[in-house]
Structure formats: C-alpha cells, structure tokens
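Under the UniProt record's numbering, the first residue of the sequence shown carries the number 1, and numbering increases by one thereafter.
Don't take every hint at face value.
Under the rule of at most 20 Å between Cα atoms (straight-line distance), these lysine to aspartate or glutamate pairs were calculated in the DMTMM-like manner [unchecked claim]: (1) K64 <-> D106; (2) K203 <-> E174; (3) K38 <-> E75; (4) K38 <-> D50; (5) K163 <-> D106; (6) K64 <-> D147; (7) K163 <-> E194; (8) K60 <-> D147; (9) K64 <-> D50; (10) K63 <-> D50; (11) K60 <-> D50; (12) K38 <-> D12; (13) K38 <-> D77; (14) K63 <-> D147; (15) K163 <-> E174.
Just so you know, these hints were derived from the structure itself, not from any lab. On a predicted model such as this, the values are computed, not experimentally measured, just so you know.
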Amino acid sequence: MTYRNGHTALRDATFQVPGGSIAALVGVNGSGKSTLFKALMGFVHLAQGDITILQQSVNKALKKNLIAYVPQSEEVDWSFPVLVEDVVMMGRYGHMGWLRRPSAHDHACVDAALARVDMQEYRHRQIGELSGGQKKRVFLARAIAQDGQVILLDEPFTGVDVKTEARIIDLLRELRDEGRTMLVSTHNLGSVTEFCDYTVMIKGTVLASGPTETTFTAANLEQAFSGVLRHIALSGGEEHIITDDERPFISRRVASGGKSS
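With these hints in hand, go ahead and build the complete structure from the sequences.
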C-alpha cells in the first residue's frame, strides 16, 4: 500500500479472515494498522494486489453497504453539533434515495440499534456531550444500523472503562453469532484471547495470521512488539508483561500447567 509521495506503509499484507468471526489486528503504533483500514475502506489505493471482501472487490462491497466502520476518537470532530440519533441515522444513508429522506424502516433500524447499545435515553443529546465510552457505543450503533456484514473497529477500547469494554465485547460476540465478520484494531492485548477467533499481527507487513490460539504466541508477540514481551517468574508460575504504546502494561498469570488465569 503506497501513498502518492511514494512511501510504502504496508507490503506483502496477505491474510484471510473467515466469515462470521472476530479477528484482532495488533501491532505497535505506525505498524500499518490504520493504513490497512484505509485500504479496506477504499481511502488509499494498492500499489499491487487486490482486496476481496465477501468474494467481491472493495468498491463493490462499499456500494452495497456491506462494510461498516467504527473510527478512532481522534478521527471525529466532537465539536460539530449533531444529535446522537442523527449520527446513528448516518448508517442508513446508503440505503436511502438521493434525497436521503429516512423511511419508517430507517427510523426503526436506528431505534433498534440505539436500544442494542443501551443509548436510547441519549438520542437527543449532542454527541460531543457524551463520555468516551458512550461515544464508542453510538458509533457501534451506527454500524449496526447500517447492517454491514463486515465491521471494522479502530481502537474501540481506547478511553473506555472496564464495564464499557466488557459490554462492547459482548456486543461483538452477539454480532459474530449473527454471522457478521469483524476486524478489531486493538492495543488491549490482554483481552484478545478472550473474544477474538483470529489474530493478524502486522509490522510493516503481515508477520503472522491465523486462529488466535496458534497465532497469539509469545514468539509472535516479541516479533511484533520488538522484544518488549517480558517474562517474570512469580510463585511457581509466570507473569507475562506486554509493554505497548497505548497500554503501558498488560499482565497475564500463567500457571505451571500452562493455563492462564
């Protein structure tokens, strides 16, 4: 993936994510995660190769509203005056006619999406007045209202509390069980094994990809994060401390039998 100035941000990025699964996209800042999302959304062009989503090109998938996107907080102008329900209604634009007049069905989809993320009572609030976790839930509601079959989530857990993170994970599991496919860029490595079926590790290229149980390994993490995975023995077990740009440390206790707790 090459920008107009000739800079190649990501090369040899070959991987597959099965339908109806949750895949984690992990790597240090600057590894190419955001570039990959931009390519999947058609914002940057490939120097070579192609991307297929649901057995069709990115452009065709976008025109059919098959791809929904939950952006990073930094990508949104929170000072822009817009109501929560209007943000969620944006997910329906691709289903409307040229005049973008919402139908009764569009309003019903928005109502259902807000209910699903427990944000009905905030529908008439300005989006900028909400907390970080509430904002993430609103944009997830927009993706749900769009009815995209592939949902891209860029750092959905940044700036949210533990309770909100758990609720988002539960929602992602529900969407997966409904047949949706999700690619989640995350620095919260401690939760990857809890809810991600697949893992894609990148660092200027795809270092490893596959089922999480065989891909999310110490060796691959050390390669992706430049050897910042540290091991400290504690009481007959082992404490894994994964240093990351976004999350200073994430620890996971591993007993002598190899099971984490």
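Checked hints:
1. K64 <-> D106: Judged against 20 Å, a Cα distance of about 16 Å means the pair holds.
2. K203 <-> E174: violated, 30 Å
3. K38 <-> E75: holds, 12 Å
4. K38 <-> D50: holds, 14 Å
5. K163 <-> D106: violated, 30 Å
6. K64 <-> D147: Holds, at about 10 Å.
7. K163 <-> E194: Holds. K163 to E194 sits at ~15 Å (cutoff 20 Å).
8. K60 <-> D147: Holds, at roughly 16 Å.
9. K64 <-> D50: holds, 18 Å
10. K63 <-> D50: holds, 17 Å
11. K60 <-> D50: Given pair K60, D50 holds - Cα atoms ~13 Å apart, limit 20 Å.
12. K38 <-> D12: Roughly 16 Å separates the two Cα atoms, so the pair holds.
13. K38 <-> D77: holds, 18 Å
14. K63 <-> D147: holds, 13 Å
15. K163 <-> E174: holds, 17 Å
Hint check: violations occur at hints 2 and 5; the rest are consistent with the structure.
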